[in-house]
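Numbering (our numbering), first residue to last: 8 to 162.
FYI, nobody ran anything at the bench for these hints, they're computed from the structure.
A quick note: this is a predicted structure, and the numbers were derived from the prediction, not measured.
It is possible that part of the hints are untrue.
[What the hints assert, rightly or not] Below, simulated SDA-like cross-link-like pairs (lysine to any residue); rule was C-alpha separation at most 20 angstroms, straight line:
{"no.": "1", "residue 1": "LYS32", "residue 2": "LEU60"}
{"no.": "2", "residue 1": "LYS91", "residue 2": "ARG101"}
{"no.": "3", "residue 1": "LYS65", "residue 2": "GLN21"}
{"no.": "4", "residue 1": "LYS65", "residue 2": "ARG99"}
{"no.": "5", "residue 1": "LYS65", "residue 2": "ARG52"}
{"no.": "6", "residue 1": "LYS65", "residue 2": "GLY81"}
{"no.": "7", "residue 1": "LYS32", "residue 2": "GLY50"}
{"no.": "8", "residue 1": "LYS32", "residue 2": "GLN45"}
{"no.": "9", "residue 1": "LYS65", "residue 2": "THR55"}
{"no.": "10", "residue 1": "LYS65", "residue 2": "PRO54"}
{"no.": "11", "residue 1": "LYS65", "residue 2": "LEU85"}
[To be verified] DEER-style ranges, computed between Cβ atoms:
{"no.": "12", "residue 1": "ASP84", "residue 2": "PRO54", "range": "35 to 43 angstroms"}
{"no.": "13", "residue 1": "VAL106", "residue 2": "GLY78", "range": "44 to 52 angstroms"}
{"no.": "14", "residue 1": "GLN97", "residue 2": "PRO14", "range": "46 to 54 angstroms"}
{"no.": "15", "residue 1": "GLY86", "residue 2": "VAL106", "range": "41 to 49 angstroms"}
{"no.": "16", "residue 1": "ASN75", "residue 2": "ARG35", "range": "17 to 25 angstroms"}
{"no.": "17", "residue 1": "ILE94", "residue 2": "ARG52", "range": "47 to 55 angstroms"}
{"no.": "18", "residue 1": "CYS76", "residue 2": "ARG22", "range": "17 to 25 angstroms"}
{"no.": "19", "residue 1": "GLU20", "residue 2": "LEU60", "range": "16 to 24 angstroms"}
{"no.": "20", "residue 1": "ARG52", "residue 2": "ASP17", "range": "23 to 31 angstroms"}
Beta carbons: idealized from backbone N, C-alpha and C, even for Gly.
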Amino acid sequence: MVLWARPCRDEEEQRVVHQLVRARKAPRDLAVRARMVQLSWSGQRVPTIADTLGCSAKTSRCWLHRFNCRGIAGLEDLGGQGRKRRITEQERSRVIALVKTLPPGRLRWEPVDELWAPDELGPAEWTLSTLGSPGRRPDPSGFRYRTWRRPCRAC
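Produce the entire structure from the sequences given, and follow the hints as far as they go.
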């Protein structure tokens with residue numbers, strides 16, 4: 008099956024295709040598809056275009072057909088790929104705002120060198136570092152606390 012890219016409608020379309028082929032900052036896929044059109048305009052057939060660009064002949068035919076139907080807009084990816092969002096933008100903003108606030112029950116230093124909690128009735132904040140601090144302090148009797156390991160049952 009022989010397929011050619013339709014002739015350019017005007018000089019503007021031809022200029023845009025040539026700019027996409029030469030562009031260094033354009034998306035690579037778009038530049039390769041524009042190169043397919045340019046090679047087709049120069050008279051090359053689909054198998055030769057596919058070999059030159061390192062893709063299948065079916066891929067070349069697909070993009071040339073889309074260019075023939077839609078023009079330059081047909082060379083761009085269709086929208087809608089990727090995973091859909093599970094939460095709305097409003098919910099996302101709310102979560103980010105909650106993360107930035109100080110949790111209840113956590114102590115904070117004041118400029119007068121005192122600790123105070125914004126919500127003294129909130130649950131206490133326990134962290135692994137505060138729970139493990141007895142294991143890091145040296146004991147005068149020489150006994151070492153083993154807070155993170157279970158005792159060996161074989162002994």
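Practice task
Enumerate the violated hints, using their earlier numbering and listing them in ascending order.
Solution key: 3, 4, 7, 12 and 15
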